[in-house]
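A.B. asks: Chain by chain, the residues run as shown.
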Amino acid sequence: EDKVVQSPLSLVVHEGDTVTLNCSYEVTNFRSLLWYKQEKKAPTFLFMLTSSGIEKKSGRLSSILDKKELFSILNITATQTGDSAVYLCAVDGGRSSNTGKLIFGQGTTLQVKP
Amino acid sequence: DGGITQSPKYLFRKEGQNVTLSCEQNLNHDAMYWYRQDPGQGLRLIYYSQIVNDFQKGDIAEGYSVSREKKESFPLTVTSAQKNPTAFYLCASTPYPSSGANVLTFGAGSRLTVL
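First to last, the protein sequences are chains A and B. Each residue of the first sequence is one higher than the last, beginning at 93 in our numbering. Each residue of the second sequence is one higher than the last, beginning at 453 in our numbering.
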């Protein structure tokens, strides 16, 4: 069965800390891995990763994929209270890999305290 | 501005009643999806549609029904057969589901509470 597992499930840090969120997957017909940020409502897209070892970066956020070990990490440096959210990892793949449906992990809830 | 509009944002219903959640997109996307979100379980796929007049069951379709009569619209009906309907429902769409560069755009969600 295809699955995506995120860890930790929740995390509390203080402003300025650096955090690393983990996502491991076992998905047939892997095509890409995506990270989303969800603040109460609609998840918003952060990164899409398709190739191993190539870091994607946007401001204080960065992410990398390891297709050999089947995992990805999302790093957030110098955290701010506005980073508080649920971070979702999803994989495009599975038995119906040409349908566009994503397989999601449970999400990591990040709380950044002032 | 292009996007996905879900309505209503909040909905309360009594047990045994069917409810319909609306999802409209003006992005001209071919594929649309309904996900359910429960605490600690991430997003689970209910139904999806890649073209008008065609849709497929996802992982948890029991107790739900959909239609896709227009490209822009993909309403979800939560029937009385759904045993635990209280949840947050998210609609999403994408232009190229088979491309491999598939980024879903999400609506703001509908929170259904069954009393």
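To be clear, the hints were calculated from the coordinates, so they are not data collected in a lab. Only a predicted model underlies this, so the values are computations on that prediction, with no experimental measurement involved. We put the CB at the ideal spot given by N, CA and C, even for glycine. Please note that a few of the clues may not be correct.
[Said to hold, decoys possible] Below are the DSS-like pairs computed for lysine-lysine, each with C-alpha atoms no more than 25 Å apart in a straight line: (1) K160(A) x K148(A); (2) K461(B) x K95(A); (3) K95(A) x K148(A); (4) K148(A) x K159(A); (5) K133(A) x K205(A); (6) K461(B) x K523(B); (7) K95(A) x K160(A); (8) K129(A) x K95(A); (9) K461(B) x K132(A); (10) K205(A) x K129(A); (11) K133(A) x K466(B); (12) K133(A) x K523(B); (13) K461(B) x K129(A); (14) K509(B) x K523(B); (15) K133(A) x K95(A); (16) K149(A) x K159(A); (17) K133(A) x K461(B); (18) K129(A) x K149(A).
[Claimed, not checked] Not close to chain B: a few residues of chain A, all C-beta gaps over 10 Å, as computed: (19) V96; (20) S99; (21) E118; (22) S144; (23) Q172.
A.B. asks: Against which earlier hints does the structure fall short, listed by number upward?
C.D. replies: 2, 19
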